[in-house]
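**Student:** Chain by chain, the residues:
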Amino acid sequence: MITFNQFVFYLFSAIMVISALRMITVRNPVHAVLHLVLTFFTAAVLWVQLGAEFLGIVLVLVYVGAVMVLFLFVVMMLDINIARMREGFVRFLPVGLVVALIMLGEMLVVLTGRVFRLAPPPMPPAGYSNTEALAGVLYTGYVYPFEIAAFVLLVAIIAAIALTLRRRPGTLHQDPAEQIRVRARDRLRIVKMDAEKRS
Amino acid sequence: MSFSLSSLIPLLPEILLAAMACLVLVVDAFLSDERRAWSWFLSQASLVVALIVLWRVAGEGSLLAFDGQFVLDRLAGLLKAGVLVLALVAFSYSRPWLQERGVFRGEYFVLGLFAVLGMMILISAGSLLVLYLGLELMSLSLYAMVAFMRNDGRASEAAMKYFVLGAIASGMLLYGMSILYGVTGSLDLMEINRILLRAGQVDTAVLFAMAFIIAAIAFKLGAVPFHMWIPDVYQGSPTAVTLFIGSAPKLAAFAMVVRLLVEGLDTAQHQWRDMLMVLVVLSLLVGNLAAIAQTNIKRMLGYSTVSHIGFLLLGFVAGTGAGLAASLFYTLIYAIMALAAFGLIMALSRKGFESEELADFRGLNDRSPWLAGLMLLVMFSMAGVPLTAGFYAKLVVIEAIVEVDLVWLAVFAVVMSVIGAFYYLRVVKLMYFDKPIDEPVPARPVDVEVLLGGNALLVLLLGLMPGLLMTLCRQAVL
Chain A
203 MITFNQFVFY
213 LFSAIMVISA
223 LRMITVRNPV
233 HAVLHLVLTF
243 FTAAVLWVQL
253 GAEFLGIVLV
263 LVYVGAVMVL
273 FLFVVMMLDI
283 NIARMREGFV
293 RFLPVGLVVA
303 LIMLGEMLVV
313 LTGRVFRLAP
323 PPMPPAGYSN
333 TEALAGVLYT
343 GYVYPFEIAA
353 FVLLVAIIAA
363 IALTLRRRPG
373 TLHQDPAEQI
383 RVRARDRLRI
393 VKMDAEKRS
Chain B
123 MSFSLSSLIP
133 LLPEILLAAM
143 ACLVLVVDAF
153 LSDERRAWSW
163 FLSQASLVVA
173 LIVLWRVAGE
183 GSLLAFDGQF
193 VLDRLAGLLK
203 AGVLVLALVA
213 FSYSRPWLQE
223 RGVFRGEYFV
233 LGLFAVLGMM
243 ILISAGSLLV
253 LYLGLELMSL
263 SLYAMVAFMR
273 NDGRASEAAM
283 KYFVLGAIAS
293 GMLLYGMSIL
303 YGVTGSLDLM
313 EINRILLRAG
323 QVDTAVLFAM
333 AFIIAAIAFK
343 LGAVPFHMWI
353 PDVYQGSPTA
363 VTLFIGSAPK
373 LAAFAMVVRL
383 LVEGLDTAQH
393 QWRDMLMVLV
403 VLSLLVGNLA
413 AIAQTNIKRM
423 LGYSTVSHIG
433 FLLLGFVAGT
443 GAGLAASLFY
453 TLIYAIMALA
463 AFGLIMALSR
473 KGFESEELAD
483 FRGLNDRSPW
493 LAGLMLLVMF
503 SMAGVPLTAG
513 FYAKLVVIEA
523 IVEVDLVWLA
533 VFAVVMSVIG
543 AFYYLRVVKL
553 MYFDKPIDEP
563 VPARPVDVEV
573 LLGGNALLVL
583 LLGLMPGLLM
593 TLCRQAVL
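Chains A and B are the protein sequences, given in the same order.
In our numbering, each number is its position in the first sequence, counted from 1, plus 202.
In our numbering, each number is its position in the second sequence, counted from 1, plus 122.
Read the hints as simulated data drawn from the structure, not as lab findings.
For every residue, glycine included, the Cβ atom is placed at its ideal position computed from N, Cα and C.
Hints should not be assumed to be uniformly reliable.
[Unchecked claim] Chain A is faced by these chain B residues, among others (derived, beta-carbon under 8 Å):
1. W160
2. D189
3. L233
With the hints as extra help, turn the sequences into a complete structure.
**Tutor:** Spelled out as structure tokens, the structure:
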């Protein structure tokens with residue numbers, strides 16, 4: 203008999219494995235990205251189940267919310283030749299299988315506990331919030347490095363803009379203010395012409 | 123945890139500078155090109171005010187903030203004041219150069235201010251994390267400054283090299299730091315020192331971490347065999363940026379060596395002295411020999427930097443208090459000399475004529491005896507001719523190394539500086555004994571004229587009366 207907790211775990215794990223598989227097998231790259239989003243989301247659910255709610259939230263906010271949306275943009279804008287990308291699938295299969303087997307072996311070594319003797323981490327007491335704990339460390343003890351990191355990011359933004367912003371004359375862009383201010387007589391010239399005589 | 127605003131007082135110069143940098147950034151966005159000088163003026167004003175505030179804040183003992191993550195001791199006070207003054211002078215030298223080439227943009231000053239902020243944070247770092255972040259803040263700003271003349275192919279190439287190699291160095295530093303953290307379980311440098319001291323003998327893992335850290339330090343300083351970026355970056359960057367990179371960051375790098383090796387890894391002193399000795403020997407050898415073969419004066423000064431770094435590290439190899447003080451003195455003198463040398467190159471250049479080939483200095487004495495005289499002083503000082511500050515700086519470093527019975531190293535350093543004298547004196551020979559080229563010396567604004575003269579004469583003055591600065595250096599490292 204499995205508990206409710208286990209049921210949730212197996213359900214979401216199954217969804218995650220299936221969506222991960224679909225991600226690499228579907229033909230349409232946009233569908234693949236959407237499957238990847240589903241994979242991330244279910245992984246976030248599993249993290250929340252483990253009590254790591256902060257990691258779960260961050261995964262949804264950063265990866266699903268920001269990174270994958272960017273990914274979708276890129277995928278939609280690039281013209282990807284799917285047939286060519288699928289060509290290598292069989293050729294690279296042996297290498298992929300070897301990598302997968304090595305990973306499986308490593309996981310078995312760690313998880314079976316002969317070498318590392320893992321004990322499950324102690325469950326935190328009720329009402330414990332690791333978001334709060336992280337914030338406590340980040341905004342008190344380490345507030346100084348935190349602020350400096352903010353300045354590092356600011357410099358990165360300034361540098362990126364300073365190095366890439368070019369004012370190119372002659373580009374075609376809309377200026378709504380100009381568009382609104384325009385009047386008919388600026389654009390339209392009414393020419394009076396005598397009617398043609400029927401010959 | 124209790125917190126009061128007064129505990130932030132030691133950080134006032136940094137806070138002020140950060141706020142001003144943001145202000146300049148915003149103000150600059152609303153300025154028209156004719157009024158761009160306001161950005162320059164605001165940047166200079168913020169450096170001056172930060173210097174005054176630093177003067178008021180820095181006390182006798184060492185002030186701590188944020189549980190020792192921030193340290194304002196005498197060393198930090200002296201180095202920060204040095205960084206602020208060097209940046210101030212560098213900004214003044216750059217203004218006419220940038221205006222003439224149509225790249226007088228606010229970003230140069232904003233990024234420069236952030237680089238100064240990073241240096242100050244690095245100088246005052248009391249923990250590995252803060253040290254790394256300060257270093258990154260400084261380096262990121264410098265990368266962008268190198269690249270900021272976007273249409274210049276050589277500058278872009280230099281920026282790429284600087285960025286990639288700098289990133290590798292940062293990665294190495296992080297490797298070293300993470301191993302050190304793994305061994306000691308602390309990020310605080312004082313705490314790390316205490317833990318290692320308690321452990322007694324030096325752990326292999328600590329040595330492993332130290333090797334990474336020293337490699338990163340050598341990268342940032344530009345010591346052989348991690349010097350490859352220096353000549354390319356010095357030559358490729360716009361001269362206004364070379365001037366900035368060549369002066370103030372050396373002070374910050376000195377502080378980085380002191381914080382990491384002397385304060386954090388004091389227990390492994392024997393080992394790091396040996397490692398640094400290898401760097402010193404190679405830097406003196408390669409720097410001086412390669413500089414002889416150069417025809418571009420910026421590249422030549424790049425290689426000469428490598429050899430000066432060798433001298434600078436000699437004081438650390440001595441490992442004594444006197445050695446540290448000598449090293450600090452050498453760093454300050456070197457920064458002043460580099461500032462004057464690049465300032466003079468900029469003063470001689472105009473749009474379309476960068477005056478960066480050695481041949482461009484031919485017959486300078488006939489064209490402008492005043493500038494030729496200043497350049498003569500700077501070159502003599504770099505070569506270590508007596509009566510100049512460069513001579514005295516070399517003397518105290520060698521004295522410190524002789525005191526710990528490393529006579530062979532002292533002899534080697536002297537022989538190498540005699541070889542080095544060749545390429546400095548070649549510049550003097552070109553200026554005084556060759557036929558002048560047909561190129562008028564451009565006019566200079568008054569502030570540049572005064573600062574440049576003062577800067578070069580300071581090299582002579584500090585050579586005649588090194589006592590005051592030397593006393594400050596001794597007090598700073600004790």
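**Student:** Less than 8 Å between beta-carbons is the criterion; does W160/B satisfy it with respect to chain A?
**Tutor:** For W160/B, the interface hint is violated, since the closest Cβ of chain A sits about 18 Å away, which is over 8 Å.
**Student:** Would the stated hint for L233/B survive a check requiring a Cβ distance to chain A of less than 8 Å?
**Tutor:** Cβ of L233/B sits 7 Å from chain A, so the hint holds.
**Student:** Classify the hint on D189/B as holds or violated, based on whether any CB of chain A lies nearer than 8 Å to its CB.
**Tutor:** holds (7 Å)
This entry does not satisfy hint 1, going by the numbered hints stated previously; all others are met.
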